[in-house]
Amino acid sequence: MLEQVKDFASHFFVTGDPLIYGADVSIVVVSLAIIFVLTYFKRWGWLWREWLTTVDHKRIGIMYLIAALLMLFRGGVDGLLMRTQLALPNLHFLEAEHYDQIFTTHGTIMILFMAMPFIFALFNIVVPLQIGARDVAFPYLNAISFWLFFFGALLLNISFVIGGSPDAGWVSYPPLAELGFDPGPGENFYLLAILISGIGSVATGINFMATILKMRAPGMTLMRMPMFTWSVLVTSMIIIFAFPALTVALALLFIDRLVGAHFFTLTGGGDPMQFVNLFWIWGHPEVYIVILPAFGVFSEVVATFSRKRLFGYSAMVASLVLIGIVSYLVWVHHFFTMGASADVNTFFAIASMVIAIPTGVKIFNWLFTMYKGRIRMTMPMLWTIAFVPCFAIGGATGVMLAVAPADYQYHNSYFLIAHFHQVLIGGVVFGMLAGMYYWWPKMFGFKLDERIGRWAFWFFNIGFYVCFMPQYALGFMGMTRRMYTYPEGLGWGPLNFISTIGAYMMGIGFIILVWDIVYSIRYGERDLTGDPWDGRTLEWSLPSPAPHYNFARIPVVTGRDAWWIMKYQMKPEERPDLGPIRPIHMPKNSGRPFIMGVAFFVSGFGFVFNWFVPAIAGLVVVVLCLILRSFEYDAEYYIPVHEIEETEAALGRL
Amino acid sequence: MSTHSFTSRLLRLAVPGVLALFLTAGCSPEQFVMLDPAGPVAQTQLRLIIISAILVLIVVIPVILLLAYIVYRYRDKPDNDASYEPEWSESPKLEAVWWGIPIVIIAALGVVTAKETFALTRPPVSNAKPMTIEVVSLDWKWLFLYPDQHIATVNEVHIPVGTPVQFVLTSDAPMNSFWVPQLGGQEYTMPGMAMGLWLQADQAGDYLGRGANFTGTGFAHNTFHVIAQPSDAFNGWVQQVQSENHPLTVEVYDQLAKPGLAQTMTFSSFPDTLFHDVVQKNGGMSMPMNEEAWTSGRTSSASSSGQGMSGMDMNH
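Top line first, the protein sequences correspond to chains W and H. Using my numbering, you'd call the opening residue of the first sequence number 1 and step up by one each time. Using my numbering, you'd call the opening residue of the second sequence number 1001 and step up by one each time.
Calculated from the structure, these hints are not laboratory results. Glycine included, C-beta positions come from ideal geometry on N, C-alpha and C. Do not take every clue at face value.
[Claimed, not checked] Partial list, derived from the structure: chain H residues whose beta carbon lies under 10 Å from chain W:
1. Glu-1030
2. Leu-1067
3. Ile-1070
4. Asn-1080
5. Glu-1087
6. Glu-1090
7. Val-1125
8. Val-1161
9. Gln-1186
10. Met-1195
11. Ala-1262
12. Met-1265
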């Protein structure tokens, strides 16, 4: 009996590596500390009422933001571990198995559990405020989306200490990811974590498309929408069409692994190429899913801090839509070298290059928004300015990669690694950080400190170039991705060493960024006006942070940059009469989305180990939650007028 | 050919310039294998790399300069006398310029890309008769079969200089990618499929090849050597291997196919149907391919479609 328990534990818990034991200890300590703090300060009720059951888009946005920053830390530590291992030839800091797991979780976390929640954080925090709405179209569904993301992320992260992490790469191609070559539970963690969070992502896409199409304030036509909202609309549409392909691919692979089906094994009449196609039919649009919201952020920031209207609004909209459409026609460029014929490769090569045209147009439009403006070098603007050259170079190497015959050389080399880190860091991460600094006062009522922020900015930026420019050269030297070590004599040592230094500089930048947040919670400049940047769009017409119903009276929009017009261009007598304050119809909080998340987690965990009792039990609870919801008739309430008036008076708005 | 003289001039100018940047980091030029081609395929690909780099720089450099100028000129300082037009936000003429320039550049690059994509599916132009070598990627070693010479090698492949070689690729392990940067770009090896890749060495030498697609724990060590020799030396080597009486039997193959690393090896013969059997075993049976497809590659170049075998529909 004891032997059986020991045997089980040695497989169930990851053992043998001091780094893992260190992580085990720190996880236990942090968990105990959280439990202690919540209990000592009697905060359990507060946590449940104010956060776990909330359907308020602003709070859900803040939870997404916290999760994204935590995952940026986890993914970043993965990156640093890899760079440490590669700093010198023939190092044995990590063994091959461990390195393989780390690059797999690094990629998976950074794309699906860092970039996605980061963009969803900004969707949630900004969109309803920008379009003059009181919440998203489906607040309850929005909470479900968050908790599915959260428990999906948790499921992937516990694989680190329980069962073992996935190790077939973030693309998880069969046959390597099939049971024959990858028998452990790690790959199941990957599949189920993404399947669970993917449901949430599709729901978020539907939610924001409905919100933007149906809930804009009177007068806000499509062509008067702020550019960030436009970017979210296009992104939502891409999500709705792209994520099902991923869900299908991963579900089929999971069925292969669970019951021995042959969707992706040639020997049974299946086809691994079909997985590769489905994966990238999602995978390429996915990079536009994460970059378009960043483009939206830059459009808002550049206009605000140049104190000038956004240049070429119609072209900006057109290029967003064009990128959205063409993003579906380029997926084969991820595998030019997998035997597609010359005509197929030519089509996808040229389609991939074509994306550079609308993207280039956007860059010029941002430049000419600054031209003849008055540029204020605030933190959001610094990140935006740093984005332009970084993304221009990253985009240029992207065009070089699109040249199919040349890609036969670049494919899987460090040239590729340098390219996509440059567009994903220079584009998405810079964009999300610009957005975070920009809307931080709106979320929390205080600014992040600019002086500390600059230190973080310069460390992260210089570190980026030091880390990734040598990797282009390493590609030319023939170094391929996913190598856990390399021999001496190929000349790869010095450049790898430089690259590692850069990675640590970025790590220091991140720590300073966290310090900026901690410092500013205490000492940050308080925003009493609600409009700390002299903004142009409706969210800046509200107090910071906005009351939970957002707008006491729904504004009437008369043009683009609605708040700018109200502030500077409209005489008081021209202001539309918004009428008296009326009771506000709001959704009630609910614990069910959280419970559904837990149920999905239990079910997913059961499926990972082929334990069918928890797997089925979890799904039963999910179905019960769905049934209970459909018999729920008392899910909304009205905020009475006197309560709104009291809140507004306290905020100095009456 | 004019394109070639253009290329060689570009090479002479651009490559040393790029390399000079990295020499200070302690790397020597010949270590930049992608930029140091030893055959016509790698040469073509390098030419495309350089052309595309120049074309994209036409946009990137002005963007960066313009950014620096604008940020400096229009900074928000009380004494800044630059004009300020907060409502100026449309200019059809300017916008036509920055829609137009990228379109022209992409069109130019698209034409070159299309031309070379098709060209590379054909064997390099050469007076020598093309030859075929079959390649099986294993965990974690490379098996080379010479159907015409009836010999086999592991982790080292000899080819005659100046001869177009079609490597016919498959895998008896997770898919890998066959890459010899100095001879040309890579092509995947996939279980149950046979795909062709044309390469040719114009200079004798020892070129490092590498499995370029992740295959598990032995991946980082999954390298091989391509030894390009004058044809006399190549023929001498073939005869020597043939005379060693060290055959690759099915039993030996089964041992080789087990996961692990291996030294270089040579075999004086191998079962005629080995490559075919490996493809079939991994599901080739269920592929919509005709029996001629994989054999056509061994005899003539005319019936082969190069990077994608004839008779096989790889375009799912």
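Here's how the hints hold up against the structure:
no.	hint	in the structure
1	Glu-1030	holds, 9 Å
2	Leu-1067	holds, 5 Å
3	Ile-1070	holds, 5 Å
4	Asn-1080	holds, 7 Å
5	Glu-1087	holds, 6 Å
6	Glu-1090	holds, 7 Å
7	Val-1125	violated, 16 Å
8	Val-1161	violated, 21 Å
9	Gln-1186	holds, 5 Å
10	Met-1195	holds, 4 Å
11	Ala-1262	violated, 17 Å
12	Met-1265	violated, 20 Å
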